[in-house]
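K.L.:
Both chains are sitting in their own frames, so use the hints and assemble them into the complex.
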Amino acid sequence: MYPQAIPAALVLGLLAVIVVAPLVGLLQLGAMPGFESGDLQFWQSAYIRRVLVFSLWQALLSTLCSVLPAILVARAFALQPSFPLRGFLLRLFALPLVVPAVVAVMGVVSVYGSDGWIPLGRSLYGLGGILLAHVFFNLPLAVRLLLPYWQAIPQRHWQLAEQLDMNTWQRWRFLEWPVLREGLPGVMLLVFMLCLTSFAVVLTLGGGPRSTTLEVAIYQSLRFDFDPVRAVVLALLQLGLCLLVAGLTLKLQRLPEVEISLDRAASPNAGIFKPLQLALILLTAVYVGMPLLSMLLDALTGPLSKVFTGTLFWRSAAKTLLIGLSAALLSVSAGWFILRYSASLAGQPGRARLIDLAGSLVYVVPPLVIGTGMFVLLSPHVDVFSWVYPIVIAVNALMGMPFVIRTLGPALRQNHARYHLLCLSLALTGWSRFRYLEWPLLRRPIGLAMALVAALAMGDLGVIALFGTPETATLTLLIYQQLGAYLIPQATVTALFLLLLCLSVFWLLERGVGGRIDD
Amino acid sequence: MIEIKDLEFNYTGLESPGMHFDLEVAGGEVLSLIGPSGSGKSTLLSLIAGFLMPAAGEILLDGAAIETLPAARRPVSIVFQQHNLFPHLDLYTNVALGIDPALRLTPSQVASIGDALERLGLSDLRRRKPGSLSGGQRQRVALARALVRRRKILLLDEAFAALGPAQRAEMISLVKNLVQENGMAALLVSHQPRDALIASERTAFLCKGRITALQPTAELLEQSALPEVREYLGSM
Numbered sequence: 001m002y003p004q005a006i007p008a009a010l011v012l013g014l015l016a017v018i019v020v021a022p023l024v025g026l027l028q029l030g031a032m033p034g035f036e037s038g039d040l041q042f043w044q045s046a047y048i049r050r051v052l053v054f055s056l057w058q059a060l061l062s063t064l065c066s067v068l069p070a071i072l073v074a075r076a077f078a079l080q081p082s083f084p085l086r087g088f089l090l091r092l093f094a095l096p097l098v099v100p101a102v103v104a105v106m107g108v109v110s111v112y113g114s115d116g117w118i119p120l121g122r123s124l125y126g127l128g129g130i131l132l133a134h135v136f137f138n139l140p141l142a143v144r145l146l147l148p149y150w151q152a153i154p155q156r157h158w159q160l161a162e163q164l165d166m167n168t169w170q171r172w173r174f175l176e177w178p179v180l181r182e183g184l185p186g187v188m189l190l191v192f193m194l195c196l197t198s199f200a201v202v203l204t205l206g207g208g209p210r211s212t213t214l215e216v217a218i219y220q221s222l223r224f225d226f227d228p229v230r231a232v233v234l235a236l237l238q239l240g241l242c243l244l245v246a247g248l249t250l251k252l253q254r255l256p257e258v259e260i261s262l263d264r265a266a267s268p269n270a271g272i273f274k275p276l277q278l279a280l281i282l283l284t285a286v287y288v289g290m291p292l293l294s295m296l297l298d299a300l301t302g303p304l305s306k307v308f309t310g311t312l313f314w315r316s317a318a319k320t321l322l323i324g325l326s327a328a329l330l331s332v333s334a335g336w337f338i339l340r341y342s343a344s345l346a347g348q349p350g351r352a353r354l355i356d357l358a359g360s361l362v363y364v365v366p367p368l369v370i371g372t373g374m375f376v377l378l379s380p381h382v383d384v385f386s387w388v389y390p391i392v393i394a395v396n397a398l399m400g401m402p403f404v405i406r407t408l409g410p411a412l413r414q415n416h417a418r419y420h421l422l423c424l425s426l427a428l429t430g431w432s433r434f435r436y437l438e439w440p441l442l443r444r445p446i447g448l449a450m451a452l453v454a455a456l457a458m459g460d461l462g463v464i465a466l467f468g469t470p471e472t473a474t475l476t477l478l479i480y481q482q483l484g485a486y487l488i489p490q491a492t493v494t495a496l497f498l499l500l501l502c503l504s505v506f507w508l509l510e511r512g513v514g515g516r517i518d519d
Numbered sequence: 001m002i003e004i005k006d007l008e009f010n011y012t013g014l015e016s017p018g019m020h021f022d023l024e025v026a027g028g029e030v031l032s033l034i035g036p037s038g039s040g041k042s043t044l045l046s047l048i049a050g051f052l053m054p055a056a057g058e059i060l061l062d063g064a065a066i067e068t069l070p071a072a073r074r075p076v077s078i079v080f081q082q083h084n085l086f087p088h089l090d091l092y093t094n095v096a097l098g099i100d101p102a103l104r105l106t107p108s109q110v111a112s113i114g115d116a117l118e119r120l121g122l123s124d125l126r127r128r129k130p131g132s133l134s135g136g137q138r139q140r141v142a143l144a145r146a147l148v149r150r151r152k153i154l155l156l157d158e159a160f161a162a163l164g165p166a167q168r169a170e171m172i173s174l175v176k177n178l179v180q181e182n183g184m185a186a187l188l189v190s191h192q193p194r195d196a197l198i199a200s201e202r203t204a205f206l207c208k209g210r211i212t213a214l215q216p217t218a219e220l221l222e223q224s225a226l227p228e229v230r231e232y233l234g235s236m
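Chains as they are written, first to last, in our numbering: chain U, 1 to 519; chain V, 1 to 236.
In short, the hints are calculated from the structure, not lab data. Be a bit skeptical, because a hint or two may be false.
[As the list claims (entries may be wrong)] Going by beta-carbon spacing under 7 Å, a handful of chain V positions derived as facing chain U:
1) ALA72
2) PHE80
3) HIS83
4) PHE86
5) HIS88
6) PRO101
[As the list claims (entries may be wrong)] Derived Cβ-Cβ restraints for the label pairs, each shown as a range:
7) V:ASP100 / U:LEU282: 33 to 39 Å
8) U:THR429 / V:ARG230: 47 to 53 Å
9) V:TYR11 / U:PHE308: 53 to 59 Å
[Said to hold, decoys possible] Here are some of the chain U residues that sit facing chain V, going by a computed Cβ distance under 8 Å:
10) PRO154
11) HIS157
12) GLN159
13) GLU162
14) LEU164
15) MET166
16) GLN170
17) PHE174
18) PRO178
Note that this is a predicted model, so its numbers are computed, not measured. Here a beta-carbon is modelled for each residue, glycine too, at the ideal position from N, C-alpha and C.
The following block holds chain V by itself, in its conformation from the complex (with noise of 0.2 Å):
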């Protein structure tokens, strides 16, 4: 389980007030997070990840402090709308980085790519280059990579932003089932409320770096009094 507490974030030069979070996602559960353009979703997963340092607050995953910890030694994998892949390197070499960048495999390691590749449908594919491959299948890449890098928490920065509703759907339903089977801690930042409401039990609304609704997501999506709330789906 991963537990945000008080955390606090500004950006340099910024005269807005300060952002704060506090949060809780459970293993086997995808969050997703909601809210208009610079409410601070991508902001906390930037904290998360470890690119951007709090001011104060904790991030525990399992009752351990992280948020001290530098970016790489974060149990986090980040999948991104785009440039998740090195372009020049074949799909087989950008999933083998998630695991050592030196690309020093045992061969255990060989077998877990070609199971993640395999659970993705990217089996035919692994020697193919992200340029030659469709939005839907680089991200299928990303997921593979994230999976075989086995961390505890996978955060989607809005992975799916650039597909179609159906693609998006399937894949969100895969990022479902990964997450259950593996035990990790997701949280997903979507523009889309249908993605919300296929991925979560739960949906964390966000508005000027505050967490104002966190409910169960038909329920956030259909009921909410809140007129930011209401205001952000009466413009979507």
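One chain only, chain U, in its complex shape (with noise of 0.2 Å):
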């Protein structure tokens, strides 16, 4: 029995009631007799395919709208390997991976409103602004999980294309295409999946029934139609849907072993071809760039001082950092003990795997899914808006697993892989091992795995949302009730608020927790 398994088992097992005993509770609501008779109608009924059609329609939009143009603007980034802002653009680009949902959406509101520097006027509520949101957050996504695979060719293949005299077309044929295919599968599986289980942007930018998703007529069915047994039809369905796509991912995608580099040249350049990518370049800087700077304008202008002496404000901007800090905490120690035991199966790399799966398992079923669950399982017995704090930290910590297992793992494998012989060699075991082996070489990862958690938790309006009450509020959830008061600049003030704090919170952790670079 190797020693980290007991904790990893606790870990796990705690994770799989959390997941599961949600899925079991919607699962019996499902059989209840009484279910099936009216309900049978209500699969077949024109509103669920209404909802199914546009959840798949706008996903696949926001896909292609997203990916196509990321392909172009992640070569432009492999073959332009020395312009000057390169550095900072990437780092622009994973701006979004930090930004809440909500802050973005006023972004977008700030940009293409009635008001905004390019006014759309009812066409941003609807599919319109949900594709515009969709594209903010997953282009430079999709730009970064993409140029890897261009830092994945050999410099040595470069040459010899070089020399083989290969012009742009054959360079694409026979290095660029078979490198990048392997993976673009799996990233737009991954897109696709994080658009179908988007909630923010469709929530505050669908435009009514018409550009409804699921995951919103879910919330819609359980907080204003009072309608638990759609509800359930609804989450299921969504569940399903998921574990499709999330198969899908899993079987297709393959990242390559490449960190993102930002200033190494990692291949020749582009010749005649340069001016346009760079121009490509920087279109989509500033497509990512101007619904922040527009709504940090619109919020200095805005009413700052009638938001900052709100008492709800600062009682709101108190549980987003509750929430988000301990979520933070709770998700990468729980990814901790799961990681140690994966590691110390070195010898066993498909159980290793499976673990790490497990940890990730959440992967597959969306927050409002296991929200729902909740809702139905708990409801009966306690009063569910009583406990939204420990709910939603807890479903918060749940959905920053796989992002603690992808930072933290290689690391400590890594570790684990070179000292684990010396540390039995020196009997260090548990905490010595922890202070002056494991907290010292693996900080770095730690602190930003916590910084990654805390700023989903803190931007999450999907939980929240489904147990929060006007006393209760998180800002997301304050920002969502001002936009639904018709408070625009309020929400503007509140949002960048939040986007700020978010940054702080992460870039404390990431440094205060990491450590500086140079430590």
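P.N.:
Right under this line is the structure:
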């Protein structure tokens, strides 16, 4: 028996309870007498067909609009390894990872709303607005995911292509496309999944029943129509779709073992296409930067004092911080135990991968589905609205697990492979091992993982929308409530504050926990 | 014949003195380049191949200057230690790319590929992907491509470093034969003095960006009085 197995088993068991128990609750309700009779019709209703078709359609369009341009932009970054703003722009493209969805929505409204720089009128609310926001998030993400494929092409291959006098098309055909096609389906499915489970964007920019996705329909069923049965049907449908997409993604995704390089020359220059590629990069940067800049300007001229003197505002900010930090601590601690155990199974890669996958279980179960399950499971026994913080913290910690496993896993495994035998020979175990070996060497990925989870949890508008009340609102829910009351200037100020809070917490955790780069 | 005259190069950002090379290699000759890491061996090959541009000096092939030509226009084939082949293409296509990257081949070019594969003992493997070949077979494919390209200069940048001693000796003999048959001028970079003994009548010793000795190989390896050569060989 491995000594790390017990804590890992406990954590995995707890995870299983948090994920599986709500699902069991949903399925039990689905099997209850009376459920089938009325709801066979519901399954076949025009409403559910419309919601399903729109969910898939907006996810497909968002994926195509994000990933296809991202191929060109990532290629431009790869073939222009040395222009002055490259590092800065790649960092800017990481920003949407930290920006809460509701803040991005405020940015989109600020640029494309009726008083914005590019007013789109009513067409902003509906598919158009959803696409604009999804592309804002996923185009930079796809660029960052695709760029390593170019960087994985050996320098020798570029030199060989140069010597063999390959033109642009031949380089694409023989060097670039074969590498890219390995990862493109996985990246597309990942973006599709993110858009399929997107909640805050569709909730705020969706234009009523015509532009409703499964996630939003679940929320509306529980919070507005008080129809848990319909919520269960929708949740099961969403779960089925997510399982399908996640299964395909896991099967097809092959990420290269290459970090994004911010400044290394990776390939020869692009010759005559250089101005075009630079223009493309700048255009994308403008697209990503414009909503944030516009929102910043709007907020600075907005009702700052009115917002900042509100008691509710500061209460919400404190709760946001509490949820973010607690979820980060919980997620990284749980991830740590799982990863320590999977690293100790170095001789059994299949089993280790299975354990890592179990930790990422939540990837296939949308938070709103878990939330709905908890609602169904707990509401007969307790007042779920008074349990809002433990539930929101637990679900957000769970949501952060795939990030923890992805960020901390490789470093922890490498550390284990290098030093485990040395630790055994020195009898370095437990706290001593953590203090003298693991913490100094792994604090950077630990800090990054905590920063990511905290930012995600602070920006969450999923579970909190389901369980939150005006009294228990976080900043994201407050923004949503302000939007609902047409207090757009106030919502913009709150959104800017939330963004700054998320960035500050991210920075503090990454640097504070992770230490300085030269440490 | 390839002549390198007063060829100068300096890596930007480095404070070390620039590199300077003077060298001649006859057609049909394999000249070995040995020396410690960072002495400029691979840099010299990159300058000849056109991956790096010299600050000054000339590279002449049969009297014609080639140092200003882009890499694709130089009469050069190069074989690296690894990454010589595109892993998703079969062996035949990897070789065919050496003739025309658009893969529009004439019947005689197709026949020349067949001949090269036959010559290197690869005929039965033409549809295999590089991943299923041994290290030695992969380097043979790279040599086959160099052969069908019919370029006058062959550069081998630690091309056989990953092979075992027996396989390395076999590959070097093969290269020697190909170079002599085709009248090519070849430069072989190796960290193994034994490779130079098998491959070359003459060997150049490089140190700190300079050719500090150019002698018959046996003489250089066994009798050189130069302290840097003794130190290098002693550390092997």
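K.L.:
Each of the hints needs a verdict: does it hold here or not?
P.N.:
Structure-based check of all given hints:
1. Proximity of V:ALA72 to chain U holds as hinted, the smallest CB-CB distance being about 3 Å (cut-off 7 Å).
2. At a threshold of 7 Å, the smallest CB-CB gap from V:PHE80 to chain U is about 5 Å, leaving the interface hint in force.
3. Here the hint on V:HIS83 is kept, as its CB sits about 4 Å from the closest CB of chain U, short of 7 Å.
4. Given hint, V:PHE86 at the interface with chain U, holds; its Cβ is 6 Å from that chain's nearest Cβ, closer than 7 Å.
5. Evaluation of the V:HIS88 hint against chain U yields a held restraint, the C-beta minimum of about 4 Å falling below 7 Å.
6. Hint status for V:PRO101 relative to chain U: holds, with the closest Cβ pair at about 4 Å, below 7 Å.
7. Evaluation of the 33 to 39 Å hint for V:ASP100 and U:LEU282 yields a pass: the beta carbon distance comes to about 37 Å.
8. Taking 47 to 53 Å as the suggested C-beta distance range, the pair U:THR429 and V:ARG230 conforms, at roughly 50 Å.
9. As the Cβ distance of V:TYR11 to U:PHE308 is approximately 55 Å, the hint placing it in 53 to 59 Å holds.
10. Because the smallest distance between the Cβ of U:PRO154 and any Cβ of chain V comes to about 4 Å, under 8 Å, the interface hint for this residue holds.
11. Interface restraint check for U:HIS157: the shortest CB-CB distance to chain V comes to about 6 Å, inside 8 Å, so the restraint holds.
12. Taken as an interface hint, U:GLN159 checks out: its beta carbon lies about 5 Å from the nearest beta carbon of chain V, inside 8 Å.
13. Among the interface hints, the one on U:GLU162 holds; its C-beta lies about 4 Å from the nearest C-beta in chain V, closer than the 8 Å criterion.
14. With its C-beta approaching chain V no nearer than about 5 Å, U:LEU164 sits inside the 8 Å limit, and its interface hint holds.
15. For U:MET166, the interface hint holds, the least distance from its beta-carbon to any beta-carbon of chain V being 4 Å, beneath 8 Å.
16. Against a cut-off of 8 Å between C-beta atoms, the interface hint on U:GLN170 holds, since the closest Cβ of chain V lies about 4 Å away.
17. The beta carbon of U:PHE174 comes within 6 Å of a beta carbon in chain V, closer than 8 Å, and the hint placing it at the interface holds.
18. The criterion of a C-beta within 8 Å of any C-beta in chain V is met by U:PRO178, whose closest approach is roughly 4 Å, and the hint holds.
Violated hints: none; the structure is consistent with every hint.
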